[in-house]
Amino acid sequence: MTPIAQLESVPGLGVAIDNSVTVVSTANAVAVAMSGGVDSSTVAAILRERGQPIVGLTMQLWNQRRLPQLQGEGPVQHRCCSLDDVYDARRVAEHFGIPFYVVNFERAFEQTVVRPFVEDYLAGRTPIPCTHCNNSVKFDELLATARQIGAPRIATGHYARVRHNPESGRYELLRAVDETKDQSYFLFGLTQEQLARTEFPLGELTKQEVREVARRLAVPVAEKPESQEICFVPSGSYVRFIESYMQEQGIELRDEPGDVVSTTGEVIGRHNGLRNYTVGQRRGLGLAAGHPVYVVALDRATNRLIVGEDRELRSTACEVRGVNWISFAAPDAPVRASVRIRHRHDPAEAEITPLDATSARISFLEPQRAITPGQAAVFYSGEQVLGGGWLK
Amino acid sequence: MRVYLDYNATTPVDPAVLEAMLPFLGENFGNAGSVHTPGQRAHAAVDAARESVAALIGAKSSEIVFTSGGTEADNLAIFGAIAASSKPRKHVITTAIEHHAILHSCDELVRQGIDVTVVPVSRARGLQGVVDPEEIRRALRPETVLISVMHANNELGTIQPIEEIGRIAAEAGVCFHSDAVQSAGKVPLDVNQLGVHLLSISAHKFCGPKGVGVLYVRTGTKVAPRFYGGHAERDRRPGTENVPGIVGLGKAAELARKLLPEDAARLRVLRDRLESSLLERIPAAQVNGDRAHRVPNTTSLSFPGAGGEALLIALDLQGVACSTGAACSSGSTEPSHVLLAAGLSHDDARSSLRFSLGRPTTAADIDFALAVIPGVVERIRALSPREQQTASAVPAR
Chain A
3 MTPIAQLESV PGLGVAIDNS VTVVSTANAV AVAMSGGVDS STVAAILRER GQPIVGLTMQ
63 LWNQRRLPQL QGEGPVQHRC CSLDDVYDAR RVAEHFGIPF YVVNFERAFE QTVVRPFVED
123 YLAGRTPIPC THCNNSVKFD ELLATARQIG APRIATGHYA RVRHNPESGR YELLRAVDET
183 KDQSYFLFGL TQEQLARTEF PLGELTKQEV REVARRLAVP VAEKPESQEI CFVPSGSYVR
243 FIESYMQEQG IELRDEPGDV VSTTGEVIGR HNGLRNYTVG QRRGLGLAAG HPVYVVALDR
303 ATNRLIVGED RELRSTACEV RGVNWISFAA PDAPVRASVR IRHRHDPAEA EITPLDATSA
363 RISFLEPQRA ITPGQAAVFY SGEQVLGGGW LK
Chain B
6 MRVYLDYNAT TPVDPAVLEA MLPFLGENFG NAGSVHTPGQ RAHAAVDAAR ESVAALIGAK
66 SSEIVFTSGG TEADNLAIFG AIAASSKPRK HVITTAIEHH AILHSCDELV RQGIDVTVVP
126 VSRARGLQGV VDPEEIRRAL RPETVLISVM HANNELGTIQ PIEEIGRIAA EAGVCFHSDA
186 VQSAGKVPLD VNQLGVHLLS ISAHKFCGPK GVGVLYVRTG TKVAPRFYGG HAERDRRPGT
246 ENVPGIVGLG KAAELARKLL PEDAARLRVL RDRLESSLLE RIPAAQVNGD RAHRVPNTTS
306 LSFPGAGGEA LLIALDLQGV ACSTGAACSS GSTEPSHVLL AAGLSHDDAR SSLRFSLGRP
366 TTAADIDFAL AVIPGVVERI RALSPREQQT ASAVPAR
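If you read the sequences in order, they're chains A and B.
Under my numbering, the first residue of the first sequence is numbered 3, with each subsequent residue one higher.
Under my numbering, the first residue of the second sequence is numbered 6, with each subsequent residue one higher.
These aren't lab readings, by the way, just hints derived from the structure by calculation.
Just so you know, not all the hints are guaranteed correct.
[Claimed, not checked] Chain A is nowhere near these chain B residues, computed Cβ spacing over 10 Å in every case:
#1 Pro-20
#2 Phe-34
#3 His-48
#4 Ser-127
#5 Gln-133
#6 Lys-215
#7 Ala-237
#8 Ser-282
#9 Ala-297
#10 Ala-311
#11 Ala-319
#12 Gln-323
#13 Ser-389
[To be verified] Pair by pair, the computed Cβ-Cβ distance ranges are:
#14 B:Tyr-233 <-> A:Ala-125: 53 to 61 Å
#15 B:Tyr-233 <-> A:Gln-71: 52 to 60 Å
#16 B:Met-6 <-> A:Glu-211: 37 to 45 Å
#17 B:Arg-7 <-> A:Glu-195: 27 to 35 Å
[Unchecked claim] Pulled a few chain A residues facing chain B out of the computed Cβ check, cut under 7 Å:
#18 Arg-149
#19 Gly-152
#20 Tyr-240
#21 Val-241
All C-beta atoms in this analysis are idealised placements derived from N, C-alpha and C, irrespective of residue type, glycine included.
From just these sequences and the hints, can you work out the full model?
As structure tokens, this is what we get:
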């Protein structure tokens, strides 16, 4: 017999015939990416208050029921694509009388975010799926759909700013006014075409101001707590997610124990599988060295975990690939910038030497701790994001 | 202006139906199971509705079991027929284009250890989206206890050869169920001519209210109840009767019987004009499903190079409501199981829209839709990634 696919009864496309919902036929409509959270809901409220014709779009990205092994690990609500969040987004749209649709990008999300996340991890890198999602789903698939349905621009709840520089003719990406909420690090991959069609209405506001606007405009989810973790990984356990995902793909991951070696090559212990470690990690190494010991590198080829002292974790040079330049086209000469090598990293002064159009060498003035392959190096000049790339 | 072209998803309640129902939400609120006069009034109204529904499908009124809708009728048919069978081993035959109310029920049967054969809808007889009765015959086994084949498909509108399958089921002595939710009110229905033992219908698909349906159970056919309670519906479906809903269904059935020839002829003309004009104005557009064997109100079209999801939203924003497939499947990642089963490629299935007309549809509605749809398809094609277009731009004709 033919196996019958178990289709989920996800709340689907809201086909409203209620005439109180405006028919959007104007060419200047903005599609708001609505996640059901307070930030994107407030974006919808702000644009609507301005009288901007808007369409609410919620992306269905991941089927939370796919990996039943992970159920019960942390709440399913307030995560990516949980039914509660779709419900909240729909409720906000109904509250404001905004046309609202759920668009399904599960296929693109798996191909461009989840798979690379798993592959990166298994290759010993520490991936940032949010950036891949921005580059390949939100500002690609979603923007394309928005344009197809007649909304040439999209607005999201990101804390960042976009500005057109009439002199250079470029669209510039700036940090959010609220430094504590700034998400520009995750947006370095946006192209000029994408930035030209993007609005970040929250970039000028502090988190406190956003909460106030949300209350003033009576956004139904104003008091909802924020989610911090990677949306498709319940309880934040990457390892459990990756094991379950590979199991679903028919691959049983086995822990391959191997040697723990010092930077001088001396075997000083055993590890229980490289994927349980990340560069810079100190806890859980099970070594009694008499002084703090950190993971310095993961050597996939020899299945060895290389550990050392804090100073050995520091380095002044690294290379990036997949470089995207924002404020100007790929330069020929070295560029001075402050470089951030992870989301919460204090930007460090460096010189960036382009190697070709999409790769560069970064030389820091001071050694940086735990430069981690898979993370992004984002180049700042003051409040501007000049560009960025992926650490090799 | 807003035009609704999704009557296969649901229809508005006809004003005459609403009028018939209102007293039973107000002064005539009695419980049809009560002994007193208010109860007897309600009981009489339920009986009258039973007669009316029986007349629509050529049944006896004692063969009508009211349910909460099409899904419950389908579930009662499948699980009820299985539970009533005394065979030690049980086997069910259905088709790949059934509604999920059938297919997901069959999934559950499989989980319970019952064999299910899902017959593909091949083009063996050159008819797209129409099952070959010989395939049903070939799937028969000594332990087969039920055949379930829909009358009209909800997405394609294709009408299945129920009479032929009915003869096959009769020869084999197997219980035969048909989900007629999408054909009731659209084409004449006669349970004796069709040769079915069980047949599901739903009021809201033909201008009746939501939340009420019928399972026709031929005299002598055993169906074990799914619910246990009082003695309503001769124990086959206990629970206090949904009197206003049942009255509405009765009125809708009466109207359907009276208006069917006129509705069908008028909607066929409008549907054909919509379809042929779209084929004419939109390059590479194609009709899904055999055009000669369809209910008169439905057309499924694919527009290669344009995504169905974007088409649906863009059309809605411009005032045209239609669907990409079944109303309950939207938001899912897989293209319609019906379109795939009918032989469409994934790309063509993903670029398909269903337009379904209903009694309120006017020529002006069709004019409006025709003024909007070609421009929307053109825009979406122009804004779609190249590779997507080249992958599916070649019509599969």
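Here's how the hints hold up against the structure:
With 10 Å as the threshold on Cβ separation, the claim that Pro-20 of chain B sits away from chain A holds: the shortest Cβ distance comes to roughly 17 Å. No beta-carbon of chain A is positioned within 10 Å of the beta-carbon of Phe-34 of chain B; the least distance is around 30 Å. His-48 of chain B, annotated as away from the interface, keeps every beta carbon of chain A farther than 10 Å; the closest lies near 36 Å. Distance check for Ser-127 of chain B against chain A: the nearest CB is about 12 Å away, which clears 10 Å, and the non-interface claim stands.
Residue-level check passed: Gln-133 of chain B sits 18 Å from the nearest beta carbon of chain A, beyond 10 Å. Every beta carbon of chain A lies more than 10 Å from that of Lys-215 of chain B, the smallest distance being close to 15 Å; the non-interface claim holds. Here Ala-237 of chain B stays apart from chain A, with its beta-carbon at least about 28 Å from theirs, past the 10 Å limit. Chain A leaves Ser-282 of chain B outside its interface by the beta-carbon criterion, the shortest separation being 21 Å against a cut-off of 10 Å.
Under the 10 Å C-beta cut-off, the non-interface status given to Ala-297 of chain B relative to chain A holds; the minimum distance is some 26 Å. The non-interface label for Ala-311 of chain B is inconsistent with chain A: the shortest C-beta to C-beta separation is roughly 8 Å, within 10 Å. Not every Cβ of chain A is farther than 10 Å from the Cβ of Ala-319 of chain B; the closest lies at roughly 4 Å, contradicting the non-interface assignment. The beta carbon of Gln-323 of chain B sits about 6 Å from the closest Cβ of chain A, which is not more than 10 Å, so the claim that it is off the interface is violated.
For Ser-389 of chain B, the requirement that its beta carbon stay farther than 10 Å from each beta carbon of chain A is not met, with the minimum near 7 Å. For the hinted restraint 53 to 61 Å between Tyr-233 of chain B and Ala-125 of chain A, the CB-CB distance of approximately 58 Å keeps it satisfied. A hinted range of 52 to 60 Å is violated for the C-beta pair Tyr-233 of chain B and Gln-71 of chain A, which are about 36 Å apart. Between Met-6 of chain B and Glu-211 of chain A the Cβ separation comes to about 41 Å, which falls inside the hinted range of 37 to 45 Å.
Range check, Arg-7 of chain B to Glu-195 of chain A: about 34 Å between beta-carbon atoms, so the 27 to 35 Å window is met. Interface restraint check: Arg-149 of chain A against chain B, minimum CB-CB distance 5 Å, threshold 7 Å, status holds. For Gly-152 of chain A, the interface hint holds, the least distance from its beta-carbon to any beta-carbon of chain B being 6 Å, beneath 7 Å. Because the closest C-beta pair between Tyr-240 of chain A and chain B is about 24 Å apart, greater than 7 Å, the hint is violated.
Against a cut-off of 7 Å between C-beta atoms, the interface hint on Val-241 of chain A is violated, since the closest Cβ of chain B lies about 26 Å away.
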